[in-house]
Amino acid sequence: MYYINTSENVSESDLEMYCDECKNDEIRETTSGFVCADCGIVLEHPKMEYHSPYEENKVQYAPLGTTQIGLRYERRSHTNPRKLSLLQKLQNRKKYEEVMDIAAKKTISTISSHLELPGKLYQLYFMKYKEIRENLTKGTKFRSPEKLVPVVIYYCTKYRNIFIDINRLLDISILEKKEFDNFRLRLVEYWPEYMERNRKKYILNRIFELSEVKGFELDFYKHSQQLLKKLWEGIKYSKDDVIAGLIASIITLCQYKDKISINAICKFMNIRMSTVQAQVKRNIFERSRIPGFKTLVKSADILKKIVKRLGILSTAKIESEEIYVLEALEKRGIQPGNDQEGNTYEDEDLAKKPHFQEIALLSHKISEIELNPNKSELDSYSYQFIIRDTDTQKPICISLKIPIEKKRCKDFSDKDMTDYKINILDLNSKGPPAI
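If you're matching positions, the sequence shown starts at 1 in my numbering and goes up one per residue.
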């Protein structure tokens, strides 16, 4: 049995049915089911079919409420489409500031996803955007979210001591470099807290990133931290990335020249090598009135001596004999800067001898050793070096004598060693040497 043109709001008795065998449309409903009046066959499995009116237009069966305006096709087929179009405009109408906020959020999401910025800074960007935009005069071009948001993102990220690549930022946004620099000077008026940020922390973070990428030791970061503290007053008016590149380049020229080039450091910091060279010449050589500067690489030896005079490289690598003696002195409770009897070697006393005048400025400096050509008389080694107190910066001369072969210091006699009360360490005994 077939159901033709069925609908949900009609009963089965109202349907037009016919028999499957004789095609008779006289069907009677009995207690056993639907029975054909002609052949008497009981139709137990009726077949149902629904003919959809594809030729007709789509009809919205659910009635629209007072606040609904329907789909676009329904509004066009309505008897009064102009009224529904007006209702649509009224429904989509928003305040101008709400539209600008939506555009700002969209721009923040786009830039953050491209630069892979932390998601927790999203609200900080938006709140700072709202705060600065309210202070800007109406009619200025920087009230546009497309131009204000990139500036806010850059400085909010730097305020949190997080690195952000300005070149990639400008490529993503419609803001030009000249416009970016012009608005940067006006930012201080609307955000005075930015000038009080911890710049040293950002600079050290950049140097630490460089040491992690290039695989440097922890001494690279420590020496950079010490050098930044020494030179801060003279270089604090430069840009953060320039200062980071300057400090990293100086430490590299002094200790890590074979591991990385200065050009690679400048590329990592997004600065030019000529900028670093000008900073070294102006803030170190000219400020200290030190002659002999040629180029950054050619003047590396002079620069290394200057850094050592500042006491930066006092923790450099030293020979194993020196390490052993320093550990022995610490175990014996001897403070650097004093001898066995408690006498202190002042800089004026050390300056009396030419050899002391040279090595007193450098810590852990091993003096030159001259071997006795007579091998039969050699029974010990003699070493001499300087240690410096980290608090008072006073040097002390220490002599080490190893009873294997006999050696004498080149620039000292027995009388000189007696006058300056140089300690002799006996390494024949077990354990730490007896002083």
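Simulated from the structure, these hints should not be mistaken for lab results. Treat the hints with care, as some may be off.
[Claimed, not checked] Quick list of the computed label-pair ranges, beta carbon to beta carbon: (1) 292 with 272: 22 to 28 Å; (2) 123 with 181: 24 to 30 Å; (3) 274 with 110: 30 to 36 Å; (4) 146 with 238: 42 to 48 Å; (5) 238 with 141: 26 to 32 Å.
[Stated by the list, open to error] Calculated cross-link-like contacts (lysine to any residue; reagent style SDA-like; alpha-carbon spacing at most 20 Å): (6) 229 with 267; (7) 267 with 166; (8) 130 with 98; (9) 222 with 166; (10) 201 with 226; (11) 105 with 87; (12) 201 with 159.
Don't be surprised by glycine CBs; every beta carbon is placed ideally from N, CA and C.
List, from low to high, the hint numbers that the structure doesn't satisfy. 4, 6, 9, 11
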